[in-house]
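Novice: Now that you have both chains on their own, put them together as the hints suggest.
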Amino acid sequence: MSVHNPTSHRFPENARDALKNETLQRGLASAKVGFRVRRSEAAARLPEFETLRDESRDIKNHTLAHIDLYLEAFEKRVTERGGHVHWATDAAEARDAVLAICRAAGAKTVTKGKSMISEEMGLNAFLEENGIEPVETDLGEYIIQLRGETPSHIIAPAFHVLKEQVVETFRENHTQLDPNRVIDEARQLQDEARLVLRKRFLEADVGITGANFLIAETGSTVIVTNEGNGDLTQTLPRIHIVLASLEKVVPTLEDASTILRVLARSATGQEYSSYTTFSTGPRRGEDIDGPHEFHVVLLDNGRTDLIGTEMQEVLRCIRCGACMNHCPVYGVIGGHAYGWVYPGPIGAVLSPSLIGVEEAHHLPNASTFCGRCEAVCPMRIPLPKLMRNLREREFEKGLPPATQRWGLAIWAWLAKRPVPYRLATWLPMRLLALLAGRKGRYSWLPLAGGWTSQRDFPAPQGPSFQALWDRKRGRREASK
Amino acid sequence: MADLGPKPNVALFVTCLVDLFRPSVGFAAVKLLEQAGCEVSVPQGQTCCGQPAYNSGDRANAAEIARRTLPVLAPFDYIVAPSGSCAGMIRKHWPALFANEQEMSKIAIAVAEKTWELTSFLTDVRGMEAVDAEYDGVVAYHDSCSGLRELGVQDQPRKLLESVKGLTVKNLTHGQECCGFGGTFAVKYPDISGRMVSDKADDIEATGADTLLAGDLGCLMNMAGKLKRRGSTVKARHVAEILAGDTDTPPIGEGES
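Read top to bottom, the protein sequences are chains A and B. The first sequence begins at 4 in my numbering and counts up by one. The second sequence begins at 485 in my numbering and counts up by one.
Warning: the hint list may mix true and false statements.
Computed beta-carbon distance windows for the label pairs [what the hints assert, rightly or not]:
| hint | chain 1 | residue 1 | chain 2 | residue 2 | range |
| --- | --- | --- | --- | --- | --- |
| 1 | B | G529 | A | V40 | 39 to 49 Å |
| 2 | B | G489 | A | P15 | 26 to 36 Å |
| 3 | A | D181 | B | K654 | 52 to 62 Å |
| 4 | B | K576 | A | I413 | 48 to 58 Å |
What the hints contain is simulated information worked out from the structure, not anything from laboratory work. All figures in this text were calculated on a predicted structure; none of them were measured in a lab. All residues carry an ideal CB built from backbone N, CA and C; glycine is no exception.
One chain only, chain B, in its complex shape (with noise of 0.2 Å):
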């Protein structure tokens, strides 16, 4: 990799659901980033982004919980998660939400300039090109929605998948349909819900992949439990999983066994 000069310090924002559910893609979060020359840091007093309380109309707790935020990631060269749609919360909306304060918009720009979604920093950023894996299988990769279209992640997590030693990444036939988890979408419209990732499991099967990979957790646990619920034997796990080798945790939804 080219000299990009002094180690950057990155402060990563490992999401609520990584955080609670699968904290194997924080380390490998981590793991990517010290490969890409940086200084990582999880800075304390991290929560969640507010997407459930913004989305739900509830603007003031979304407010509420940047403002609280902001300054635990404000003194960092660059924020990164493993999500295009937190990453995607912090750099499109925290902004709007402080449009009428002038001091607090600044520091949300500030801020929201400097947030990346993890395989887009690591390549657009840190011009990584490869990474040293190895992960025998065939995946099929999902775009998710917010990344895809709020930062336009697309071309990124499958370079660096293209590097990994004995995997072959396949693309869905319907590949820019959303996969109907929508935060609490999930649960308000289940027969909906339930019915487009139904249609999602039937792509990602057809593909022939053995493994399901992508870039939110959210997504991938609607579509892994939706898999499981099939009784198919596609594997779920998020890209960054495999982009660092960390594979010995069981995929999502599945136990030691």
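Just chain A, with the same shape it has in the complex (with noise of 0.2 Å):
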């Protein structure tokens, strides 16, 4: 998959192909487990936890309500700190901004802290074809990036990796260092990205980050990280380009504050972040570090067509991944088999609503809409009803398979007409209590493949329980 070649389109087979893959469901077994249990204590540890989602939800309806006005007043202050705002309406715009940036400053190597926007940008391959080498600095990306992945998670890109496959993939791409050196811990793999990054670091030209937070009142952004690996790509090289969408923007620091009281929590289970990073401008006179230059792409990339919409509740979305950590079909597929940089329930909402429905289709069907994203997602984004409304939109355009259609159709015109329903459901019901004999069951059935390849049919008792009804009544009745 790239960020141009989506396979979204392919999901039924992605999925397969993942089901079947054993270090993946290995690593998918144990990882979820524990994002889940995290997750619940944190939130039981904090009374107000509910009341802060509702709050959270609150700032963001806010925010989208009055999306050009905060974003206008973001910019001001970033200007008048001496920072520069780029508007991209799309990938390819955001992707030329940054070039322009980097080819004024004369740039060989960005270094990159986690950013889902570079992803969606493909900003890593436009780079190295124009002779810039991008280097991935949280520890994730730069394990996907040594071999040539894409995340499978947008909080733990290399969910998908288990630790034996990083020794391997360190000890094919560290040649420098001795090839006798032990490396079986995850502090010794830790370790020794930290001493192969370090002189990444000094070297980059130009330091990329995504954003968490973009404040309107202050012209901040903010950044939420674990490894500190954001604060030295943003603070060593002499430019700092910062990537966000629209969405990021909230009216005021206590806006983001209550709303990071709520992003780690639900993503790691842990209180805060170790590391909350606000960036506020390029260095002032008297600063001591931070880069000369601070600029900010603003990536519009489809989502201002949301706003207004039946999907606009999808831009509420703050990127803490609880949703795939809940779900249990991201917990049997992972993340790659979704096609597209967002994976999960989130990646069913926003990648058609981004790429098309044509495209990725599948995915907001791949759900059983049983409800535990929704719970969990800290900014209450009812995901099952945007599926849903994303279903509609497919049926309006004739986009599930005609059988379906059709299979759909018939049965709809009998639900609503309860005499013929009854007469029609009468003689295949009886038949199939009637052939299944003593087993009570079916192994295989005629059109009913995906069942049975799966588990097999249980067979109806006999006659409809509203005929067995009628009788008892008409005898109760009689009796009287």
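Specialist: Right under this line is the structure:
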């Protein structure tokens, strides 16, 4: 998969491959449980957690209702503090803006903090094509960059990679180090990455980070990280570029603080991430460090089109990953099967909205509507409802296969007409009951291969409840 | 049981799956409702709550099915379904279908407010604390997703099961996890659904229970189908059958033998 070639339309095949991938299955089984337990304990420890979710939702709703004002205010503050804001309608404009800044600085290498917007822009491949080397500095991102992969989780990009695979990858890539060194423990791997990356931090001409929040009141951008790599990325090079999508804006520092209280708890179960870093403009005269230039690239990429529509609520997302951590579908297929940047329930809603329902039509359908994503979403995004909206859009466009549409049409015609419904169901149900005989179930049924490929089909008991009830009531009335 | 005044008129919304596949659940529900002091009717003209259409993006047909069913249910004091998913559909989603029609919206909201899942109606509305039933077995109880998260059905069936003589309830390790049914999901994405229900079957078997109970027949058919495919001896039944003491019919997916 690449950003330019999504494979979301191949979702069923991707999912089948993922289910057969034993390494991936081992990783998924152990990792998802940890995330769930930590989130639930963190939520339980904070009495006002549910109230904070309400407040966070309200803050974002308010912001989205006035997003033009807050974005203009943000731009004004950034400019006042000597920074630059670059508005980008789509990924190509955002890439060009980044390249122009890098070119002007004569940049050879750029270090990067974790950013999903960078993934959405396809930035790494683009920089490489233009002779600039991007170096990912988040450990997970660094691992998958070395492996030539894309993130499979929005906060744990190397979720799909086992420790043994990391060892292999490091041995293959870090050829400058002693081939006989011992790197069996996670700690040793971290130390090795730190050692190798240290040099890259120091030689980088530009540092690129994402943003968890943009604060209109101060023109600040905020990142939360656990490794401190974000701080080195944005402090050491001469130039700091922040990549952010429009909906990251909040009105005030106070608002960001409120949402920060639910962010890490929902994501990793931490009260706060290890580092919460606020950046406000370039280095000032009296500052001892910081970049000389500060740029914010603001990416729209279809988000404005969602404002004022039935899909607007998805823009409250703060990318904590709780929905995918709790999703039973993500839990068995992982992130790559979704075929584009954002996996899990949020991807099932966001991808069709951003790359079109034609490409991503499977994603909103690949949900049992179990509702667990909505139950844990800190921003109370009604993800199943939004997936249903997309299913409605697909249905209107006639995207489901003809067999499904006809099956549904015949069933619905009957379901609206109780008498024909009872007549039409009588024979098939009686046959199903009779032919099952003493076994009471079917291991194969014509037209039900989807069901019986996985499990037996329990046979009906015989006559319908309503038929039996009518008979019984008939007897009751006769005996009166 | 405390005196709760005159007998309420309760409509049993039997659900399409119970109607067509497992009438014994419907009769068990009627028995329990009568034990809880209700006058039970099964209004004619009910077919399905419309979820297959609603969740497939066919909002128009879902609304049409609801529009035709609402007048059938509206006259009763309560509407009770032996399913959290179908009760959830009527309670949470029917009103949304008529958000732009003032008259229908009023009717849908009125019906929604008096619609209940069976075990929750028995305990939360009728104050039932115990049933007169016996079952010699260890049961694993699966909380179906819609009942659990849309309607908060979790303690109610367990409370009633505790009063069944001879019965022990075991909780699943991953009790919040979906079984992989999801209506048409089970046939649209069979591989994913198959893995989910396989994991669920592992969890059920790990409890050492001899019986699986749940409040939704769709999930039960999925889980029973998987257990039987694997040759498991775990028997699957709807919780209403155990609470009503109606266990003379074979378990789900098993025949007379």
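Novice: All the hints need checking, so say for each whether the structure fits it.
Specialist: We went through each hint and held it up to the structure:
{"no.": "1", "hint": "G529/B / V40/A: 39 to 49 Å", "verdict": "holds, 48 Å"}
{"no.": "2", "hint": "G489/B / P15/A: 26 to 36 Å", "verdict": "violated, 55 Å"}
{"no.": "3", "hint": "D181/A / K654/B: 52 to 62 Å", "verdict": "holds, 54 Å"}
{"no.": "4", "hint": "K576/B / I413/A: 48 to 58 Å", "verdict": "violated, 27 Å"}
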